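Given only the sequences and the hints, what does the whole structure look like? Please build it.
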Amino acid sequence: MTEPAGSRDVDEFRRTFTAVRQELGRVIVGHEPLLDLVVTALVAGGHVLLEGVPGLGKTLLVRTLAQALDLRFSRIQFTPDLMPADILGTNLIVQDDAGRRRFEFQPGPVFAQIVLADEINRATPKTQSALLEAMQEHAVSTAGVSRSLDEPFFVLATQNPIEMEGTYPLPEAQLDRFLFKLRVMFPEMDDLRTIAERTTGPEDPTARQVADAAAVLRMQTIARQVPVASHVRDYAVRLVLATHAASPQASASATRFIRYGASPRGLQALIRAGKVRALVQGRLNVSVEDIQVLALPALRHRLILSFEGEAEGVDPDDLVRKAIEELGAVPTPAGGA
Amino acid sequence: MTHEAIELHALLHRIAVRIGITAAWGTVARAAAAAGGGLLLWALATMVVPVPFPLARCAVAVGATLAATWLVLVWRCRPSASVAAQITDRRAGLCDRLSTAAELLARFPQPVGLARLQVGDAVIAAQGVEPQAVAPLRLPREAWLAGAACVGLLLWAHFLVGWSLPSTPAAKALAVIHREGQSVVAAGRRLEAAGRSQALPEAQRLAPQVQALGRHLEGPRVDREQALGLLQNVARQLGAAQDLLQRQLDASLPQTNAPGTSSRPTSASRAATDGQRLQRLDAAVRQVRALTGQLERGGAPVDPQSLSTQLRALSESLDQMNAPVSTRERVDQARREAAQGHLSAASGSLNEAMQDLQGMERMFGDEQALGDARQNVQQSAARIAEQGPLGGANVPVSGEPSPSAPPPEASGPNPPSGTTDEAGAPPPPGPNQGSLPGQGTGPQLGAATPRLQGTRVQVHVQGVPGEGPSSMREIVAPGQGGASRLPAGRPPAAVAHELDRAMSEAPLPPAFLQLVRQYFETQGGTP
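Protein chains in written order, with my numbering: chain A, 932 to 1268; chain B, 4 to 530.
For the record, the hints were derived by calculation from the structure and aren't laboratory data. Be a bit skeptical, because a hint or two may be false.
Some chain A residues near chain B, calculated using beta-carbon distances under 8 Å [to be verified]: (1) Ser-938; (2) Gln-1156; (3) Pro-1158; (4) Ala-1160; (5) Ser-1161; (6) Leu-1215; (7) Glu-1220; (8) Val-1224.
Predicted, not measured: the structure shown is a model, and the values here were computed from it. Heads up, the beta-carbon is just placed ideally off N, CA and C, and yes, glycines get one too.
Structure below.
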């Protein structure tokens, strides 16, 4: 049974989160909301899909995060010829000192705590699916043996939205495993100046370790204890249902442009990430505002557009925004305004 | 329950009550605006159709209903603590702190861990919440409409009440009121003339009120309900004065009740008794006047024995009619003085007795004049009430507030012989039946009654109107019986029988029937 968290635990949570966030900010220039959401996803126990053009610091972000948290980091460069065993590991025949030969499992790069799946859409679906069990169950099954991964286990996958030739778009089941899908935008002019100044000097900026795996696990435990009011939970449910074309709560745009809406994992993502955000914001409860702020990163990759939506180039972000608008701020209670 | 929970619930309760009040205000204001608009339309409709519009009663009823509705709505529109917390969170920007805490407290009376911390955080946030800022008590927009309707009603009551558009049913009803006002003024003048000529104090006292009522009814702004109310008030005053006179007459001339009869006379028996008493009183006055004249004449010698016999008969007659003791004592004294040969003293005592009897006669006259005026007022009220439904103003217009009292009978040559309740259906209309001049269909009226022969004195006032003293003299002509057009004679037996049958069917008191029968028998016996 989980031990109830106290005020000291909450203070420690906020202090650790702020410290990690500051260390990331020392290395990564700009992308403030992105950094917040990455750390939020880590504490919420989810994975993040980063979408952006090359050279925007995605790899640096993952490496810096691993440094700040003192977690084992591995990078997997996804290519078309990458095989599942290259990710998960394989059984090798080894010979001991006595000359006996035996199979020994050689762990793959997935056996780390922070995994960077770079350009994940370049691998074949077969290889991509090798990450499914690892991401969902935090375990790997090879040769009939299931091996647990070390906690915390955090996957950061990247993909290039422009260069689509020779790529394999992630299937819906794979996308649904990601807590957030974040878009890495091109830096502003001021940020570019700072990048130029900071990365061309005699020393590259490095992050200090401010927490460890135990601290991250403790933060995850605390975050799960944040209470959620029923009307806030209902709001998240209605928001998810609003993305389903067949639902009575579906928005007009969802009915027209969405073929399949967000899955229950989307609802879980909203609530879990909302709890972390509430603590970070200095609250001890999830608010409707948390759900609204997290709706875009948590739901945008879970919407499957209809043919009309694909043809008209509808952005899922617009669909989520319209669903929020049509839902209103809060369910109007009887007698209230 | 923890101190924090109590504090949080107290705040949420205050906010819930304020929200309930605001919601109730909204509903009640809309209802008030609708009711005020309806009343205003109703008020304006009275200028077209003669419908009753009891503004005061309607205003009180609407106000009481709205107040009761407001109280019920405040109770029923009061949101729950959870909803009040959500509203407070939204309006105070508390990011669902209070609603989460309220839900946690409802679920776990003694929360632990982060739940306990969250409740504490919510209580701290609630300390900065002002209920009047979160749930301000402000009047809704519809309240201005209700206020405008109230102002419109006040303006109508002050400036437009009683007005009617021409050529509308309301104008016709107003014309009837004006006509009845003239009738009441005429009745007041008759009452005043009777009071002045016969020195009737109550008639003189109440005549100005009756005339003022009539002039008020003649005014341009009077509605039917108001007119009926005023008529009822004046009729009540006349009835009260009439009752007072009747009590005084009863005290002066006590009635002799037959054994077995009720001690409380009905109106019919009362009229019969009054007729008998008036008849006896009149006879006694004539007898006393004859004796006084006989004594004062002084020409022929008076036979003391005959005089004493006549005075004894007079005394017995006064005893039978229960005349006042003082009157009877004076007659007895006159008899003793006459027996002793003191004729002048006897004449003086008889004069005093006659003054007593004349005083009572004046009381009878006063009572009858008031009764006539009251009947006129009641008839006017009935004619005004006949113009349409009365609604809340359908009250009996009489001095006797009896709900079962029959309506006042319309005057005219063919009064209805019975009530519709008794016959089950109204009787067929007679040739002259109608309550207004010109409504009858009977034959043409006969020649005008010849004017009384009196000395007419014309007073010519010199000067300019408005200057100098003014005086008024009233010439009262001596009464004279008019000559009948047909020579009197004994009617045929068939006619007498038919008359007897008709009179027995007429709703007249038996005493009056007796009087009528005696009158015609007297006429028939003197060709």
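Tested hints:
no.	hint	result
1	Ser-938	6 Å, holds
2	Gln-1156	5 Å, holds
3	Pro-1158	5 Å, holds
4	Ala-1160	4 Å, holds
5	Ser-1161	6 Å, holds
6	Leu-1215	4 Å, holds
7	Glu-1220	6 Å, holds
8	Val-1224	11 Å, violated
Checked against the numbered hints given earlier, this structure breaks only hint 8.
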